[in-house]
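Chemist: Position chains B and C with the ligands relative to chain A; hints supplied.
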Amino acid sequence: MPAWLDLVVRVLIVIIVIFVAPLVIGQTEHKVMAHMQGRLGPMYAGAYHGWAQLVADAAKFIQKEDITPRAADRPVFKIAPVISMLPYMIVVLVIPLGPGGLVAQKLDIGLFFVLAVFGLGVIAVLMASWASANKFALMGGLRAAAQLLGYELPFVLAAASVAMAAGTLSLSGIVEAWRPWWLIWQLPALVVFFLAGLAEIRRTPFDMPIADSELVAGYLVEYTGLRYAFFMLAEYAGIFVISALTTVLFLGGWKGPFGLDTELGWLWTLIKIACVSFVVLWVRIAYPRLREDQLQRLCWLGLVPAALAQLVLTAGVKLAL
Amino acid sequence: MKGIGLAKGLAVTFKTMTRRSTTQQYPDVDPELPPRSRGVIAHIEENCTVCLLCARECPDWAITIESHKEEVIVPGAARARQRNVLDEFNIDFALCMYCGICVEVCPFGALHWSPEFEYAEYDLRDLVHSRDRLREWVMTVPPPPAHDRNGAGAKEEVVAEKALAAAAASAPSQVDACPNDGSGRI
Amino acid sequence: MTVADVLLITIGAVVLGSALLVVTTRHLVRAGLWLIVTLIGVAAAYLVLTAEMVAWVQILLYLGAVVVLLLFAVMLTRAPIGVSDDLNRPRWPGALVGLGAAGALGALLVNAYRWEKVELPEAGTAERIGEQVFQSWVLPFELVGLLLLAALIGAIVLSQPGDDSVSGRKK
Ligand code: SF4
Ligand code: SF4
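Protein chains in written order, with the working numbering: chain A, 1 to 321; chain B, 1 to 186; chain C, 1 to 171.
Only chain A is shown next, with the shape it has when bound in the complex (with noise of 0.2 Å):
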């Protein structure tokens, strides 16, 4: 296969990927979210059991109004709802799936890049909520700033812990080296990596930048349509991205019970990407929403020394071995 060709199947997969995934988990979270509140769910849209509902929000969607305010900053209004999606779509591109070559794009510091270009997700947010010319959105967006801020200390001192066990920044280096007693070692910097990931895609719990009962949809309140669903698809983006990169660094990534991973590595991390991704749902449903001083004090207080803790761990078990 030439080169170049290579390249367009590889960010075409991408594409689709990143496409895709949002609306599964965006439709596993419609029936799930209903069964654990007894209900139903979407049952009409496709026939059966409403498999095609996120198809037919789509194809609403794209019939509303594209709607800007008057008083709206115009180009950055409109483009906003487009950059929000990029990160997600440029991490995908580095996250491995299986051993060799199934990995879009093969880097040396993946880890490093997926971090940095994760926390550019905030940027589009800043955008949207100032360009809205609304107080709402100015709102959600101090908040969502704010939140960054303060989450990806978190958020990067868990990953580097992790980073540190391994020896390696690339992602694909990172599951090579894993093995299976470091979901007890790294057991902390799991849960805070996963806890400041739901922050930083400001996903329920952690969702105040859009507290819709307080402030409307925060940045969103604005956006009608198409741009809309574009942030709505770029939530399930970052809910994918989230589960991926917890996956490949904390859970294995391909390495699954009973070897055959070379062949099968694929499949165990799709599963283990969708197990994750159920979590996701499952803490949405099941916790309310934190107030913004316990959401900022959490991290602080909590999620910052825990992670800390776990460097010293990590370092104190890696010269001890």
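In case anyone wonders, no lab produced these hints; they're calculated from the structure.
Source: prediction; values computed, not measured.
Check before you lean on any hint, since a few could be wrong.
Pulled from the structure, derived: some chain C residues nowhere near chain A, Cβ distances all over 12 Å [claimed, not checked]: (1) Thr-2; (2) Ala-4; (3) Ile-9; (4) Leu-96; (5) Gly-100; (6) Val-133.
Subject to a maximum C-alpha distance of 27 Å in a straight line, what follows is the list of computed DSS-like cross-link-like pairs (lysine-lysine) [said to hold, decoys possible]: (7) B:Lys-2 <-> B:Lys-15; (8) A:Lys-78 <-> A:Lys-64; (9) A:Lys-31 <-> B:Lys-15; (10) A:Lys-78 <-> A:Lys-135; (11) B:Lys-8 <-> A:Lys-31; (12) A:Lys-31 <-> A:Lys-64.
Derived CB-CB ranges, DEER-like [said to hold, decoys possible]: (13) A:Glu-65 <-> B:Pro-27: 21 to 31 Å; (14) A:Pro-305 <-> C:Leu-69: 19 to 29 Å; (15) B:Tyr-122 <-> A:Glu-65: 22 to 32 Å.
The beta-carbon is built from N, C-alpha and C at its ideal position, and this holds for glycine as well.
Modeler: Just chains B and C with the ligands now, with coordinates in the frame of chain A:
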């Protein structure tokens, strides 16, 4: 212990997920309504004496009745009797709050609850159900539910059985009197 | 001209253009947004020069934290949408300082290398940077660490509420 509530939250949601959901798929599957459901009020004209009690007691003034008097000449009687004849009987379900007072107050059993509830209209005025409409609902009134197994019997039954028992006691016979007073249990 | 040259020149043009927009635009928040483009351009330039690690650190720190903080601060002010007329931006002194600094730095660099051809060092991977920092440059690294620690402690002390003599403000 701190944090146990978090685990409980997860457990409760997960348990609910494994159970059958309680959603009723209404337009596809008709709901099973209890017999005393307050859906719509049926009016049995033959029972109605136009006493106007229902119209007067209705807190919402939802019932309007029009009637006139007719003379009925009874052969052999000194004077002609008077009789109320019903002309109009309307219930405005846009006003009705389904309190059921009219059904309770009717002394002649002319008003009954029916569980039918699918009578939404595009025009508010169409919610006024006239005589004919109210008569149609009669067909949908379910038979009264069976008495509670452990409850007291219907008044008529109790009285009748008591009388029967008294008659049996006064006239010595082979009929075994019910030991516990025939309280009407079925 | 190699591909790298073309890329560098293009990126340089983008960086220069967006940097000019940062200082000339009359939209306050848009200046911050143009700064993002500038910094991404600089990161791309690092990438072309195979300094991967530095490029990603640039994105993580400057875009993920510094610019976000900057936008955050600007949004806390009255930053209007649209043109702000009361920007207090002295034009000539600013141009003078900017051009002077650029000219001096440029002259310095040109003078240092002239037309000497410098081979691209091996790729700036994490491993190489680690070796450099913790072997040849360990002393400056530790000093910088100490400086930052002092600043951190200073910030904590200054933000302590209640002690008027230190923070100089009322409760
Ligand atoms: S149910 Fe109550 S409100 Fe409705 S008509 Fe009867 S008395 Fe009036
Ligand atoms: S209370 Fe009963 S009998 Fe009297 S007017 Fe009303 S429906 Fe007829």
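Chemist: A separate judgement is required for each hint: does it hold in the structure or not?
Modeler: Hints versus structure:
no. : hint                               : result
1   : Thr-2                              : 17 Å, holds
2   : Ala-4                              : 17 Å, holds
3   : Ile-9                              : 23 Å, holds
4   : Leu-96                             : 31 Å, holds
5   : Gly-100                            : 32 Å, holds
6   : Val-133                            : 14 Å, holds
7   : B:Lys-2 <-> B:Lys-15               : 22 Å, holds
8   : A:Lys-78 <-> A:Lys-64              : 15 Å, holds
9   : A:Lys-31 <-> B:Lys-15              : 15 Å, holds
10  : A:Lys-78 <-> A:Lys-135             : 18 Å, holds
11  : B:Lys-8 <-> A:Lys-31               : 21 Å, holds
12  : A:Lys-31 <-> A:Lys-64              : 25 Å, holds
13  : A:Glu-65 <-> B:Pro-27: 21 to 31 Å  : 30 Å, holds
14  : A:Pro-305 <-> C:Leu-69: 19 to 29 Å : 22 Å, holds
15  : B:Tyr-122 <-> A:Glu-65: 22 to 32 Å : 27 Å, holds
Hint violations for this structure: none, all hints satisfied.
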